[in-house]
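Given next are the chains, with one letter for each unit.
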Amino acid sequence: GDSVTQMEGPVTLSEEAFLTINCTYTATGYPSLFWYVQYPGEGLQLLLKATKADDKGSNKGFEATYRKETTSFHLEKGSVQVSDSAVYFCALSRNTGTASKLTFGTGTRLQVTL
Amino acid sequence: ETGVTQSPTHLIKTRGQQVTLRCSSQSGHNTVSWYQQALGQGPQFIFQYYREEENGRGNFPPRFSGLQFPNYSSELNVNALELDDSALYLCASSPEGANVLTFGAGSRLTVL
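If you read the protein sequences in the order shown, they are chains A and B. Count along the first sequence from 1, add 4, and you get the number used in the numbering used here. Count along the second sequence from 1, add 1394, and you get the number used in the numbering used here.
One or more of the hints may lead you astray.
[Stated by the list, open to error] What follows is a list of derived Cβ distance ranges for each label pair:
1) Val86/A <-> Val1494/B: 23 to 29 Å
2) Pro1489/B <-> Asn26/A: 28 to 34 Å
3) Thr1399/B <-> Ala21/A: 32 to 38 Å
4) Val86/A <-> Arg1409/B: 38 to 44 Å
5) Gly1410/B <-> Thr55/A: 42 to 48 Å
6) Glu46/A <-> Phe1454/B: 19 to 25 Å
7) Ala21/A <-> Ser1421/B: 27 to 33 Å
8) Thr24/A <-> Phe1463/B: 27 to 33 Å
9) Lys56/A <-> Leu1477/B: 40 to 46 Å
10) Thr1408/B <-> Val86/A: 39 to 45 Å
11) Glu19/A <-> Thr1408/B: 44 to 50 Å
12) Ala1474/B <-> Lys56/A: 39 to 45 Å
Worth flagging that the hints you see were computed from the coordinates, not collected in a lab. We put the beta carbon where it would ideally sit given N, CA and C, even for glycine.
Turn these sequences into a full structure, and let the hints guide you.
Written out as structure tokens, the structure is:
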């Protein structure tokens, strides 16, 4: 079945450091890939997505490229801020008719310090 | 435009009881999905509702059931609660056929 594997956290960085959170997936066919972010006490917010191989999703300085050859979708940001502290979830989706189910990784907690 | 709203935000039940969680979908969204997020884990797909019918189900027992109403709002019902049902329950809505979900803030259930 489908699965998503993320690097374990927590990841602790100083402000303005470079961020990479690794994500690899297992799925048949061509899933869509997503990064969601969860701030403390809140639900999940879509951060970025990519729907086909070599697509790059980007938002708020975050980027991720859909690499089918390595089945990866690593999240990167050039300079993190304290406000980026949150839990980041990698996910994939395969549509079957009108049903759309997301399969999530276990999440990576990011803590950014001054 | 209003987002996805869930109620209650927190509740405590005892083992064996039943619980109903409610969700109002975002305006214009006719598909509702429910996810269970245990502490420290990623959300797990429970089921999805479209046009008031269950339209996809994850690996959850039948004591997890749901409803969708004509206004696209939804309920998640869990019978015979077990300690392992303690989790954050997330509702998400989407337009028909879309794979981008809008999540609510969740209902945190504690089973004692």
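Each hint tested on the structure:
{"no.": "1", "hint": "Val86/A <-> Val1494/B: 23 to 29 Å", "verdict": "28 Å, holds"}
{"no.": "2", "hint": "Pro1489/B <-> Asn26/A: 28 to 34 Å", "verdict": "31 Å, holds"}
{"no.": "3", "hint": "Thr1399/B <-> Ala21/A: 32 to 38 Å", "verdict": "36 Å, holds"}
{"no.": "4", "hint": "Val86/A <-> Arg1409/B: 38 to 44 Å", "verdict": "41 Å, holds"}
{"no.": "5", "hint": "Gly1410/B <-> Thr55/A: 42 to 48 Å", "verdict": "44 Å, holds"}
{"no.": "6", "hint": "Glu46/A <-> Phe1454/B: 19 to 25 Å", "verdict": "24 Å, holds"}
{"no.": "7", "hint": "Ala21/A <-> Ser1421/B: 27 to 33 Å", "verdict": "39 Å, violated"}
{"no.": "8", "hint": "Thr24/A <-> Phe1463/B: 27 to 33 Å", "verdict": "44 Å, violated"}
{"no.": "9", "hint": "Lys56/A <-> Leu1477/B: 40 to 46 Å", "verdict": "43 Å, holds"}
{"no.": "10", "hint": "Thr1408/B <-> Val86/A: 39 to 45 Å", "verdict": "40 Å, holds"}
{"no.": "11", "hint": "Glu19/A <-> Thr1408/B: 44 to 50 Å", "verdict": "45 Å, holds"}
{"no.": "12", "hint": "Ala1474/B <-> Lys56/A: 39 to 45 Å", "verdict": "44 Å, holds"}
Hints 7 and 8, counting from the list given before, are not met by this structure.
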